[in-house]
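226 is the number that the numbering used here gives the last residue of the sequence shown; the numbers go up by one with no jumps.
Since the hints were made in silico from the structure, they are not lab data. There's no promise every hint is true.
Pair by pair, the computed Cβ-Cβ distance ranges are [claimed, not checked]:
| id | residue 1 | residue 2 | range |
| --- | --- | --- | --- |
| 1 | G207 | L71 | 51 to 61 angstroms |
| 2 | N76 | L190 | 55 to 65 angstroms |
| 3 | R155 | A80 | 48 to 58 angstroms |
| 4 | R155 | Q105 | 16 to 26 angstroms |
C-beta atoms are modelled at their ideal positions from N, C-alpha and C, and glycine is treated no differently.
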Amino acid sequence: MIPSLNYAVLIDALQALKEGNIRHCEALGFTYNEMEAINTLSMDELFILSRASAQFLQVTIQHEVLRQLLALARQEMQQQQRINRAIALGGSIELLSQFFGLSSAEISARRRFIGISVSQGRTRIPDEETDAAIWLQWEHLRPANILSMEALDIMMDITETLSGKSKDPPPLPDGNLEPYHAL
Numbered sequence: 044m045i046p047s048l049n050y051a052v053l054i055d056a057l058q059a060l061k062e063g064n065i066r067h068c069e070a071l072g073f074t075y076n077e078m079e080a081i082n083t084l085s086m087d088e089l090f091i092l093s094r095a096s097a098q099f100l101q102v103t104i105q106h107e108v109l110r111q112l113l114a115l116a117r118q119e120m121q122q123q124q125r126i127n128r129a130i131a132l133g134g135s136i137e138l139l140s141q142f143f144g145l146s147s148a149e150i151s152a153r154r155r156f157i158g159i160s161v162s163q164g165r166t167r168i169p170d171e172e173t174d175a176a177i178w179l180q181w182e183h184l185r186p187a188n189i190l191s192m193e194a195l196d197i198m199m200d201i202t203e204t205l206s207g208k209s210k211d212p213p214p215l216p217d218g219n220l221e222p223y224h225a226l
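Input sequences plus hints: build the corresponding full structure.
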């Protein structure tokens with residue numbers, strides 16, 4: 044067993060005992076007699092025990108829990124990327140609040156963190172040609188629920204396409220690119 048793991052578990056158990064959290068130690072697998080012995084260890088004894096090469100710990104992987112945690116981590120990362128993308132594309136405080144539940148202070152902090160500065164005053168309105176192009180793309184790609192994350196992703200795809208940040212137009216549901224040639 045890796046000595047540092049022995050040390051980490053012993054320190055964790057000792058801290059739990061000092062806080063009176065017996066259940067945590069039980070969950071780790073310690074018996075009451077072992078908890079009493081750990082609780083009375085001197086620093087020198089703790090150090091010697093933690094450096095022992097004898098294996099007193101068995102590590103097991105709870106595969107289903109790990110799978111669920113990995114899936115949650117991926118979802119959270121995708122959500123963070125979606126938020127940063129919306130901010131980078133100039134998403135309004137109202138839009139970011141509606142879709143992600145962020146406060147204006149959180150949005151401002153995120154903008155500063157990723158280096159986005161927002162000019163004061165009114166938001167720039169697209170010209171008629173750009174407005175028509177936005178509407179044409181939205182009509183072809185519009186999902187059933189316009190308040191869904193899918194709708195937000197489509198809005199961001201359209202913004203990237205029309206601002207020149209994307210090389211390709213977003214795909215139409217039927218795979219037809221003909222309406223884009225009119226743009």
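Hints versus structure:
1. G207 - L71: 51 to 61 angstroms: For G207 and L71 the Cβ distance comes to about 56 angstroms; the hint holds.
2. N76 - L190: 55 to 65 angstroms: Distance hint for N76, L190 holds at roughly 59 angstroms.
3. R155 - A80: 48 to 58 angstroms: holds (52 angstroms)
4. R155 - Q105: 16 to 26 angstroms: violated (40 angstroms)
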